[in-house]
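Protein sequence lines correspond, in order, to chains R and E. Residue 5 in this note's numbering sits at position 5 of the first sequence, and the numbers go up by one each step. Residue 42 in this note's numbering sits at position 42 of the second sequence, and the numbers go up by one each step.
Rather than coming from a laboratory, the hints here were simulated on the basis of the structure. All C-beta atoms in this analysis are idealised placements derived from N, C-alpha and C, irrespective of residue type, glycine included. Warning: the hint list may mix true and false statements.
[Said to hold, decoys possible] Among the chain R residues that face chain E by a calculated CB cut under 8 Å, a handful are: (1) A40; (2) G44; (3) L45; (4) W47; (5) Y53; (6) E55; (7) Q57; (8) Y80; (9) Y95; (10) G102; (11) S103; (12) P105; (13) F106; (14) W109; (15) G110; (16) Q111.
[Claimed, not checked] The following label-pair restraints were derived from C-beta to C-beta distances: (17) E:P57 - R:S7: 24 to 32 Å; (18) E:L111 - R:V11: 36 to 44 Å; (19) R:V11 - E:G43: 29 to 37 Å; (20) E:K107 - R:G16: 31 to 39 Å; (21) R:S75 - E:A82: 43 to 51 Å.
[Unchecked claim] The calculated DSSO-like cross-link candidates involving lysine-lysine, where the alpha carbons are at most 30 Å apart (straight line), are: (22) R:K76 - R:K65; (23) R:K76 - E:K47; (24) E:K44 - R:K43; (25) R:K65 - E:K47; (26) R:K43 - E:K47.
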Amino acid sequence: QVQLVESGGGVVQPGGSLRLSCAASGIAFSTYAMHWVRQAPGKGLEWVAFIHYDEVQNFYADSVKGRFTISRDNSKNTLYLQMNSLRDEDTAVYYCAKETSGSNPFDSWGQGTLVTVSS
Amino acid sequence: QSALTQPASVSGSPGQSITISCSGTRSDVGDSNVVSWYQQHPGKAPKLMIYEVGKRPSGVSDRFSGSKSGNTASLTIYGLQAEDEGDYYCCSHGGSTRHWVFGGGTKLTVL
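The following block holds chain R by itself, in its conformation from the complex:
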C-alpha cells in the first residue's frame, strides 16, 4: 500500500527558507514521477512542482519558479522541496503526490505539512 509522509513544515519569517521532505513507502519510488501541490488556508489546490522519476525534467508553477527547487533521492525513497525567499502567500499545507502516468498525475497523496510564513 502506498504511503507518502510529508515533514519539515513550520513557521518561518518572510524571506526565510525551509526544506520539506516526503518519504515514500509501499511503492517502487524510483519509477514514479512526483509532484508537490499546496493549499492555502480555506483556499483551493494549487500545483507547485513536478519532477521526473530520474530527475531529467523539473517544472514549476510561475508563482514559485526561481525560489523553490524540487529534488529527490531515490536511494532514500524521498522527495524534497527546497523553499527559499518565502512570502506570506506561500503559507499553505503542502502535499506530495505520486504520478502513475502523465494522464494520471495525482493518484496518491500524503497527509500534508503546514508551512506558515509570518513575522
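Add chain E to chain R, keeping to what the hints say.
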C-alpha cells in the same frame, strides 16, 4: 495560467444526481483527455475520483462518472449519499507545457 472555473457550490438530496462543471480553455481542458477529479473532506488530503476524463480508479464507486465536451469537463454523482459531501476539484494538464491547473473547487452539500 488561470484556474479552471467551477461553481462554488452545489447541493442535492440523498438519492438524487448532481453534476459539477469545470470550464477551461482550448489550451488545457480542450486540448487533451488529461482531466481528473478529486474529492476532499475537511482536514483531509484530496482523493482521486476520476482520471483521463472518465476513468475510475479501483475502489471508487461507479456512482461517480466523468465526461468532457469541448473546453468543459463534468463530474456527475448518481444516487447521492451523505458521505459524498465535501469539496471537489477538477484538474487539467496545461497543454504542451508540463504544468497542471486546478479548478477553484466546488463545495457539495447533501441536504
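A quick look at each hint next to the structure:
1. A40: violated, 12 Å
2. G44: holds, 4 Å
3. L45: holds, 4 Å
4. W47: At 4 Å from the nearest chain E Cβ, W47 (chain R) passes the 8 Å test, so the hint holds.
5. Y53: At about 13 Å, which exceeds the 8 Å cut-off, the nearest Cβ of chain E leaves the hint on Y53 (chain R) violated.
6. E55: violated, 14 Å
7. Q57: With a minimum Cβ separation of about 7 Å from chain E (threshold 8 Å), the hint on Q57 (chain R) holds.
8. Y80: violated, 19 Å
9. Y95: holds, 6 Å
10. G102: Constraint on G102 (chain R) satisfied, holds at 7 Å.
11. S103: holds, 5 Å
12. P105: holds, 6 Å
13. F106: Status holds, d = 6 Å.
14. W109: Given a least distance of 4 Å, the restraint on W109 (chain R) holds.
15. G110: OK, holds: G110 (chain R) within 8 Å of chain E, min 7 Å.
16. Q111: holds, 6 Å
17. E:P57 - R:S7: 24 to 32 Å: holds, 26 Å
18. E:L111 - R:V11: 36 to 44 Å: For V11 (chain R) against L111 (chain E), whose Cβ atoms are near 40 Å apart, the range 36 to 44 Å holds.
19. R:V11 - E:G43: 29 to 37 Å: violated, 19 Å
20. E:K107 - R:G16: 31 to 39 Å: Hint holds: Cβ distance 34 Å, inside 31 to 39 Å.
21. R:S75 - E:A82: 43 to 51 Å: Taking Cβ atoms as reference, S75 (chain R) and A82 (chain E) lie about 45 Å apart, which means the hint holds.
22. R:K76 - R:K65: holds, 26 Å
23. R:K76 - E:K47: holds, 25 Å
24. E:K44 - R:K43: holds, 14 Å
25. R:K65 - E:K47: holds, 27 Å
26. R:K43 - E:K47: holds, 17 Å
Of the numbered hints stated above, those contradicted by the structure are hints 1, 5, 6, 8, 19, listed in ascending order.
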